[in-house]
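Just so we're aligned: the sequence shown equals residues 20 to 215 in this note's numbering.
Since the hints were derived computationally from the structure, they do not count as laboratory data. Here the structure is a predicted model, which is why all the values come from computation and not from measurement. Hints may contain errors.
[To be verified] Calculated lysine-lysine pairs in the DSS-like style (CA-CA distance at most 25 Å, straight line): (1) Lys-156 to Lys-206; (2) Lys-82 to Lys-96; (3) Lys-96 to Lys-160.
[Unchecked claim] Estimated spans, in silico, between C-beta atoms of each pair: (4) Ala-109 to His-165: 22 to 32 Å; (5) Phe-45 to Tyr-22: 40 to 50 Å; (6) Thr-62 to Arg-202: 27 to 37 Å.
For glycine and all other residues, C-beta sits at the position ideal for the given N, C-alpha and C.
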Amino acid sequence: MPYTPAHKSQSRERILAAAVDLFCRFGFDQISIAQVMKQANMTHGAFYAHFKSKSSLYALAIKQGAACSLWIKEQHKISNIEHFTVLIDAYLSLAHVQQIDAPCPLAFLVTDVAHRNDAVRDSYQQTFQAMLTGMSKQLEKLGLEHSDSLALQIITRLVGTVSIARTLSDQALQLYLLENSRRDLHKLLSPDCAPA
């Protein structure tokens, strides 16, 4: 008896959730389809009913991971600069660096994606552009001028800081980096420091 469309959709979501988790922790090369399917509690053969290849899964996992990331899930709640800085603080936290919170693939996969095919890089670029556009609109709603430039500065600082912090083995240095980036972004968002 064939599976229902709802069952197929749920299975696909389980595979994507497993892929996001594993790819963000270990990267593309270190993870096999079999490992993804094992984490999803499904057989290896079921993979091809949902995805054409590991690369196609990876490209979709980037978008899925971004949609589930802390930033995307919480950005609609921002009603003032204080809320915005709280979200910055959560993104630039040790918990996020250590993947205790939902990881953002923009930061967690930045170096891994550079070595992938065009479809994967396009997926990353679309995710980056969506985050940039969303943040720019949010900053504009908050009354900040030059929201496009400001959003670009914030995103590159967020992604860069988390990416570097993940490579460091010294937790004190990680905390120092995170603290300095949080402070600098708070200053950037203060009314007297708006970009020109």
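Evaluation of the provided hints:
1. With a C-alpha separation of about 20 Å, the suggested pair Lys-156 and Lys-206 falls inside the 25 Å cut-off, and the hint holds.
2. The suggested pairing of Lys-82 with Lys-96 holds, with an alpha-carbon distance near 21 Å, which does not exceed 25 Å.
3. Proposed proximity of Lys-96 and Lys-160 is supported: the alpha carbons are some 12 Å apart, at most 25 Å.
4. At roughly 24 Å, the beta carbons of Ala-109 and His-165 sit within the given window of 22 to 32 Å.
5. Distance hint check for Phe-45 and Tyr-22: the Cβ-Cβ separation is about 29 Å, which falls outside the suggested range of 40 to 50 Å.
6. Between Thr-62 and Arg-202 the C-beta distance comes to about 50 Å, which lies outside the given range of 27 to 37 Å.
Against the hints set out earlier in the document, violations occur for numbers 5, 6.
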